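Asker: Protein chains in written order, with the UniProt record's numbering: chain A, 1 to 426; chain B, 1 to 404.
It is possible that part of the hints are untrue.
[What the hints assert, rightly or not] Simulated pairs of lysine-lysine, DSS-like, Cα-Cα distance not exceeding 30 Å:
hint : chain 1 : residue 1 : chain 2 : residue 2
1    : A       : K108      : B       : K82
2    : A       : K99       : B       : K58
3    : B       : K82       : B       : K299
4    : B       : K250      : A       : K406
5    : B       : K131      : A       : K99
6    : B       : K157      : B       : K136
7    : B       : K299      : B       : K346
8    : B       : K376      : B       : K50
9    : B       : K82       : B       : K385
10   : B       : K157      : A       : K99
11   : A       : K301      : B       : K82
12   : A       : K301      : B       : K58
13   : A       : K45       : B       : K338
14   : B       : K356      : B       : K346
15   : B       : K43       : B       : K157
16   : B       : K346      : B       : K58
17   : B       : K43       : A       : K99
18   : B       : K338      : A       : K301
[Claimed, not checked] A short list of chain B residues far from chain A (calculated; beta carbon distances all over 12 Å):
hint : residue
19   : D74
20   : E83
21   : D142
22   : T191
23   : Y204
24   : H209
25   : L330
[Stated by the list, open to error] Derived list of chain A stretches under chain B, where covered just means 3 residues or more per stretch with a C-beta under 8 Å from a C-beta of chain B:
hint : segment
26   : 89 to 95
27   : 165 to 179
28   : 246 to 257
29   : 293 to 306
30   : 311 to 317
Just so you know, these hints were derived from the structure itself, not from any lab.
None of the values given here were measured: they were computed from a predicted structure.
Every residue, glycine too, gets a C-beta built ideally from N, C-alpha and C.
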Amino acid sequence: MFRNAAAISLHLVGLLQGKKAGASVTRHLHQTFTMAKQMQARRLKGLDYNPWVEYARLATEYDAVNLGQGFPDFAPPDFALEAFQHAVSGDLMLNQYTKAFGYPPLTKILASFFGKLLGHELDPLTNVLVTVGAYGALFTAFQALVDEGDEVIIIEPFFDCYEPMTLMAGGRPVFVSLKPSPTRDGELNSSSNWRLDPDELASKFTPHTKALVLNTPNNPLGKVFSQTELELVASLCQQHNVVCISDEVYQWLVFDGCQHISIASLPGMWERTLTIGSAGKTFSATGWKVGWVLGPDHLMKHLRTVHQNSIYHCPTQTQAAVAESFEKEQLCFGQPSSYFVQLPRAMQRSRDYMARSLQSVGLMPVLPQGSYFLITDISGFKSKMPDLPGAANEPYDRRFVKWMIKNKPVSSEGLRPLHPLLFCKG
Amino acid sequence: MLLAQKRLGSLVSSTKFLKTVNSSRLLEFSTSAAMSLKFKNTKRIEGLDKNVWIEFTKLAADPSVVNLGQGLPDISPPAYVKEELSKVAMVDNLNQYTRGFVIIIVPFYDCYEPMVRMAGATPVFIPLRSKPVNGKRWSSSDWTLDPQELESKFNPKTKAIILNTPHNPFGKVYTKEELQVIADLCIKYDTLCISDEVYEWLVYTGNKHLRIATFPGMWERTVTIGSAGKTFSVTGWKLGWSIGPEHLIKHLQTVQQNTIYTCATPLQEALAQAFWIDIKRMDDPECYFNSLPRELEVKRDRMVHLLESVGLNPIVPDGGYFIIADVSSLDADLSDLKNEEPYDYKFVKWMTKNKKLSAIPVSAFCDSETKLQFEKLVRFCFIKKDSTLDAAEEIIKAWSRQKS
Numbered sequence: 001m002f003r004n005a006a007a008i009s010l011h012l013v014g015l016l017q018g019k020k021a022g023a024s025v026t027r028h029l030h031q032t033f034t035m036a037k038q039m040q041a042r043r044l045k046g047l048d049y050n051p052w053v054e055y056a057r058l059a060t061e062y063d064a065v066n067l068g069q070g071f072p073d074f075a076p077p078d079f080a081l082e083a084f085q086h087a088v089s090g091d092l093m094l095n096q097y098t099k100a101f102g103y104p105p106l107t108k109i110l111a112s113f114f115g116k117l118l119g120h121e122l123d124p125l126t127n128v129l130v131t132v133g134a135y136g137a138l139f140t141a142f143q144a145l146v147d148e149g150d151e152v153i154i155i156e157p158f159f160d161c162y163e164p165m166t167l168m169a170g171g172r173p174v175f176v177s178l179k180p181s182p183t184r185d186g187e188l189n190s191s192s193n194w195r196l197d198p199d200e201l202a203s204k205f206t207p208h209t210k211a212l213v214l215n216t217p218n219n220p221l222g223k224v225f226s227q228t229e230l231e232l233v234a235s236l237c238q239q240h241n242v243v244c245i246s247d248e249v250y251q252w253l254v255f256d257g258c259q260h261i262s263i264a265s266l267p268g269m270w271e272r273t274l275t276i277g278s279a280g281k282t283f284s285a286t287g288w289k290v291g292w293v294l295g296p297d298h299l300m301k302h303l304r305t306v307h308q309n310s311i312y313h314c315p316t317q318t319q320a321a322v323a324e325s326f327e328k329e330q331l332c333f334g335q336p337s338s339y340f341v342q343l344p345r346a347m348q349r350s351r352d353y354m355a356r357s358l359q360s361v362g363l364m365p366v367l368p369q370g371s372y373f374l375i376t377d378i379s380g381f382k383s384k385m386p387d388l389p390g391a392a393n394e395p396y397d398r399r400f401v402k403w404m405i406k407n408k409p410v411s412s413e414g415l416r417p418l419h420p421l422l423f424c425k426g
Numbered sequence: 001m002l003l004a005q006k007r008l009g010s011l012v013s014s015t016k017f018l019k020t021v022n023s024s025r026l027l028e029f030s031t032s033a034a035m036s037l038k039f040k041n042t043k044r045i046e047g048l049d050k051n052v053w054i055e056f057t058k059l060a061a062d063p064s065v066v067n068l069g070q071g072l073p074d075i076s077p078p079a080y081v082k083e084e085l086s087k088v089a090m091v092d093n094l095n096q097y098t099r100g101f102v103i104i105i106v107p108f109y110d111c112y113e114p115m116v117r118m119a120g121a122t123p124v125f126i127p128l129r130s131k132p133v134n135g136k137r138w139s140s141s142d143w144t145l146d147p148q149e150l151e152s153k154f155n156p157k158t159k160a161i162i163l164n165t166p167h168n169p170f171g172k173v174y175t176k177e178e179l180q181v182i183a184d185l186c187i188k189y190d191t192l193c194i195s196d197e198v199y200e201w202l203v204y205t206g207n208k209h210l211r212i213a214t215f216p217g218m219w220e221r222t223v224t225i226g227s228a229g230k231t232f233s234v235t236g237w238k239l240g241w242s243i244g245p246e247h248l249i250k251h252l253q254t255v256q257q258n259t260i261y262t263c264a265t266p267l268q269e270a271l272a273q274a275f276w277i278d279i280k281r282m283d284d285p286e287c288y289f290n291s292l293p294r295e296l297e298v299k300r301d302r303m304v305h306l307l308e309s310v311g312l313n314p315i316v317p318d319g320g321y322f323i324i325a326d327v328s329s330l331d332a333d334l335s336d337l338k339n340e341e342p343y344d345y346k347f348v349k350w351m352t353k354n355k356k357l358s359a360i361p362v363s364a365f366c367d368s369e370t371k372l373q374f375e376k377l378v379r380f381c382f383i384k385k386d387s388t389l390d391a392a393e394e395i396i397k398a399w400s401r402q403k404s
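Here chain A stands alone, though its shape is the one from the complex (with noise of 0.2 Å):
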């Protein structure tokens, strides 16, 4: 806190504990210490280091080309801009408070777009909460449902804050990996060959157990998953009276004829998943920061609880452009001219370039069926180079990230725990 104190602070931990608090112990404190109680709370405990903030850091200190944090370079579609112009020179109550659970039009069009693909009629009112970004949606779920000694079940490789979140609602998270099957020679190694094995999946569910988080298309792996195996997690979740929390993100960002499903449109899941989107990977304006959580009333009531005791309102002319920019895109959904086949479209191209030029220099990717992220075996490098410098326990992955940042400009993030490595295109 203030000053390391140890044989202060564990006498203070005495006192704090109930001990009456003796006047000349705490003249004492006051004369030299200040602050020697621990302000923060417990639940932050070992959720300080966030590799993002890490990898961005050093990133800019070697001006290095950055494949790292998953955000576009390049602008968003200009039906989007414009729509964000609209919303900023248009109506001037637009720049006060809109309803708590989100800005009319915007629920209505999410309702309208999303009740058609999930096949259940969504109410603007009690299934759709629009929240600060996808991670916001996610913070406000395992807030709402997540208590002390919950379980959540998370499929590794997973986006970071899944174990964080679930650590600071009290819960525990229970993982289980994705593998891959193994390669013929010359083969390129793809996500769909990475997968869960069903005995070991169900054995990680207990009575505990109160959540599952899925996340499709996968970050970082661009996993899809299919049918087949939605179907086995929709089984056993609701075997085990589990909600599932389905983060679709990278909903749009799917290659090679791939289809992305929603579980909740399977047979008897629809009341118990939260369906969690993203209009910054949607429209790739990540900066806008308007997310949402789609839900049967019984769950979201609980999440609309949690949201009007912490944020209580998402901005709103962001909100008004997301809007308008889906209220385009319903109107060319599935043609050509829409964003949600352009984009795609362009990102394979992207995704089919990045693989080869890894492929050149001797890296093997794992090519992604979706997802803006491709990630790399690179055991061919560390049989070369065993020795990278870094901190005693770094991960291989780690010191590789941060020697690649320094010698050849190009930055990524480690993924620990696996050897490969990530890459993110855009």
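Model the placement of chain B on the given structure of chain A, informed by the hints.
Answerer: Just chain B now, with coordinates in the frame of chain A:
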């Protein structure tokens, strides 16, 4: 849990809540009742589902209602603030990726209590008490804390005290002496001060906003909170900030990176630019930090005059954009409304429906034990266009004529 339910008893009918949850579970699931308990709310939000703003904003949403309830301006933000946001909209790169006790002074901005409970701490309440002087207008400065009573609320497990100055709903601007009392106690008991200063620029003639973080010994234990929405009349931008010493702010950053992670980029850029414009002209009367309170003081005085002219007893605020009135003399007939709600809740609902004028009941800003002390008080927001205040005046005058 029991403590939470007892305290929130008048806000939440907890048995009713549980019954509702139970019946919906029976309808939705064919699995056993024990398994269905998994879909219940987490303990941290038990009893926190009711919210005064949601309840009253819904009522006031009818376009025929003059809304002096929720605190948002219906006046335009300054032109250069809007321009900055428009400019920013054209720049495409900005579209990318920004168990202890807590003492709460009553009345309090309503979110403090649920936030303290959601964090697992126990709120400890202390009311402001009024000593109006005969012949003198009732002022927010007449509402004070008793220093001995305040000290009695501190103990070695007190984690923080929440200070709100200028105060919502009274508009009280804490004096140097009052802040010194609080500072002395924070230092003596090694307590944090969370200082909500969102209305910092809205102080009226004869008053000065003082920042407790500037008091000796206080910088290291204070987190000072500010709001773009209140500063620039842009509540919809939803940008705020915390200022404090690194050893406290780092923990807030940890929470931020595990909750929303960043705030909207273009809005932050626009806010930064707007601040640069005004920071360069702090002594200029046209600086928004000077022009807005000047504009609002006129509206405040108008509201005071209006409320007095119909026999209501207003508490003249020294700051903020709310004014409180004692409505008992209006003698509204509330007999057909639910009995278990405080008087001011019933009054505001009746007034919204029957007089097309909305406000907020002050007991919404109280804990369950002090509600009755404040239940004849109603809060009106006056950061509104003249035409809105004209409409309110019509209603209040007509109402007063009806009575006599």
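Asker: Which constraints among the numbered hints does this structure fail? Numbers only, ascending.
Answerer: Those not satisfied are hints 5, 6, 10, 11, 13, 19, 20, 22, 28.
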